[in-house]
Amino acid sequence: MTELITARGLGKSFGATRALDGVSFSVQPGRIVGLIGPNGAGKTTALKALLGLTRFDGELSVLGLDPYRQRHKLMQDVCFIADVAVLPRWIRVSRLIDFVAATHPRFRREVCEHFLARSDVRKTSRVRELSKGMVTQLHLALVMAIDAKLLVLDEPTLGLDILYRKAFYEALLNDYFDEQRTILVTTHQVEEIEHLLTDLMFIQHGRLVLNSSMDAVQDSFVEVLIAPERVAEAERLQPVYRRELFGRKLFLFEGVARERLATLGELHRPSVADLFVAKMKGAPA
Amino acid sequence: MDTNWNDSLPIYRQLRDRVVAMILEGVLNDGDPLPSVRSVAAEYRLNPLTVLKGYQQLVDERLVEKRRGRGMFVTEGARRALLKDERQLFLEEEWPKIAGRIQRLGFEPKDLLDALDKMPPEPAPSLSAARDDAGEDSGEEGERD
Numbered sequence: 012m013t014e015l016i017t018a019r020g021l022g023k024s025f026g027a028t029r030a031l032d033g034v035s036f037s038v039q040p041g042r043i044v045g046l047i048g049p050n051g052a053g054k055t056t057a058l059k060a061l062l063g064l065t066r067f068d069g070e071l072s073v074l075g076l077d078p079y080r081q082r083h084k085l086m087q088d089v090c091f092i093a094d095v096a097v098l099p100r101w102i103r104v105s106r107l108i109d110f111v112a113a114t115h116p117r118f119r120r121e122v123c124e125h126f127l128a129r130s131d132v133r134k135t136s137r138v139r140e141l142s143k144g145m146v147t148q149l150h151l152a153l154v155m156a157i158d159a160k161l162l163v164l165d166e167p168t169l170g171l172d173i174l175y176r177k178a179f180y181e182a183l184l185n186d187y188f189d190e191q192r193t194i195l196v197t198t199h200q201v202e203e204i205e206h207l208l209t210d211l212m213f214i215q216h217g218r219l220v221l222n223s224s225m226d227a228v229q230d231s232f233v234e235v236l237i238a239p240e241r242v243a244e245a246e247r248l249q250p251v252y253r254r255e256l257f258g259r260k261l262f263l264f265e266g267v268a269r270e271r272l273a274t275l276g277e278l279h280r281p282s283v284a285d286l287f288v289a290k291m292k293g294a295p296a
Numbered sequence: 008m009d010t011n012w013n014d015s016l017p018i019y020r021q022l023r024d025r026v027v028a029m030i031l032e033g034v035l036n037d038g039d040p041l042p043s044v045r046s047v048a049a050e051y052r053l054n055p056l057t058v059l060k061g062y063q064q065l066v067d068e069r070l071v072e073k074r075r076g077r078g079m080f081v082t083e084g085a086r087r088a089l090l091k092d093e094r095q096l097f098l099e100e101e102w103p104k105i106a107g108r109i110q111r112l113g114f115e116p117k118d119l120l121d122a123l124d125k126m127p128p129e130p131a132p133s134l135s136a137a138r139d140d141a142g143e144d145s146g147e148e149g150e151r152d
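In order, the protein sequences belong to chains A and B. Just so we're aligned: the first sequence equals residues 12 to 296 in our numbering. Just so we're aligned: the second sequence equals residues 8 to 152 in our numbering.
Be aware that a few hints might be false.
[Claimed, not checked] In silico DMTMM-like cross-links for lysine to aspartate or glutamate, where the CA-CA straight-line distance does not exceed 20 Å:
(1) A:K160 x A:D186
(2) B:K60 x A:D226
(3) A:K260 x A:E277
(4) B:K60 x A:D158
(5) B:K60 x A:E277
(6) A:K177 x B:E100
(7) B:K73 x A:D226
(8) A:K260 x B:D14
(9) B:K60 x A:D230
[Claimed, not checked] Here are a few chain B residues that sit away from chain A, every Cβ distance over 10 Å (derived from the structure):
(10) D14
(11) L31
(12) G38
(13) E50
(14) L53
(15) T57
(16) R69
(17) R77
(18) L89
(19) R94
(20) K104
(21) D121
Just so you know, these hints were derived from the structure itself, not from any lab. As the structure is a computational prediction, the values presented were derived from the model and not from experiment. Note that the Cβ used here is the ideal one computed from N, Cα and C, for glycine as well.
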């Protein structure tokens, strides 16, 4: 079995709303996958389905298991950081470590203590005495100490300042990620993870509108700062998105040869944020 | 957040260029180890595949070699090879532009040499090295008396 996650026709309704509407994708081991979408697009529902926290229609296999039916087994190899801090506020850090050590078979206490020793978190503190950044450090130390194959992060850096956000991803890459491990992350702060990702998925109204490796994204999407006299010619190549910058036109093209585009103006690599806006607004011809 | 990547070149290519610049500047010498893929990825918050691709490019160009189980090292003679290429590139691409501009501005070689003497000493070596090699070009344009 090479695929870590396979989803076929994944669906989920809340009343009349289709939160997930026939989503199909697969994830290979050793990848860092970004699942990006506006609020209410179905990101969290998709993650919940993967983690076995909700029922769903369609086929879904995570590490070869059915997440809903085999959740207990699955959880030995999966860890998760949610956007809402879920650590009980009254507990002491040392007791929390004892708790995780007692409940999770893959938890490595010495690894957790090693991470905490480098952070500002003291083991004698209670969770409520920690700042938001420190709670995240604690959460990350607990989760990274679990020897899991899949790490799911749902808005992991929400509300953190830039230094903590930077440190968070640095720790993740330095101390956690390797070719055996897979990270699935959702975030609104796309610009800070775009170079981190190996694969990109955009979700809108419960459907995937983009599902591609970053290499393929960079091959197929090119932004061109169009030379003024080339605008009409550029229009004929049907850009998928148009914007203006200081009176110059910037067109985004999908699947047009770079050599062809190079005759129209200056080529740029679109940022994931630009791609996202373009894809969400659709492509008015 | 603190690294500004240029958006007209792939990042792996820019990483390759950085290592090349470090070799040329003597920050990395022949036989020196390159930082590990993991630490570069963490420091720049890049996915490790990107870093690996940049390193692989250097391996393909024989500027860097893999030593099994020990990581990547600058190949013996890498700096010399690079310098040769860089000098060639300068003569073919940059020097004609600079020479053209010198001509348009109407400088005589003496003006430029005098200006060079007044410059702080640090940038001088690279300039004079290029001047020696470009002697032919500037010689033609400098036939004044």
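These are the hints, each one checked on the structure:
no.: 1; hint: A:K160 x A:D186; verdict: 14 Å, holds
no.: 2; hint: B:K60 x A:D226; verdict: 11 Å, holds
no.: 3; hint: A:K260 x A:E277; verdict: 11 Å, holds
no.: 4; hint: B:K60 x A:D158; verdict: 27 Å, violated
no.: 5; hint: B:K60 x A:E277; verdict: 25 Å, violated
no.: 6; hint: A:K177 x B:E100; verdict: 39 Å, violated
no.: 7; hint: B:K73 x A:D226; verdict: 24 Å, violated
no.: 8; hint: A:K260 x B:D14; verdict: 17 Å, holds
no.: 9; hint: B:K60 x A:D230; verdict: 15 Å, holds
no.: 10; hint: D14; verdict: 5 Å, violated
no.: 11; hint: L31; verdict: 25 Å, holds
no.: 12; hint: G38; verdict: 26 Å, holds
no.: 13; hint: E50; verdict: 7 Å, violated
no.: 14; hint: L53; verdict: 5 Å, violated
no.: 15; hint: T57; verdict: 7 Å, violated
no.: 16; hint: R69; verdict: 24 Å, holds
no.: 17; hint: R77; verdict: 18 Å, holds
no.: 18; hint: L89; verdict: 26 Å, holds
no.: 19; hint: R94; verdict: 28 Å, holds
no.: 20; hint: K104; verdict: 19 Å, holds
no.: 21; hint: D121; verdict: 38 Å, holds
When held up to the earlier numbered hints, the structure conflicts with 4, 5, 6, 7, 10, 13, 14, 15 and fits the remainder.
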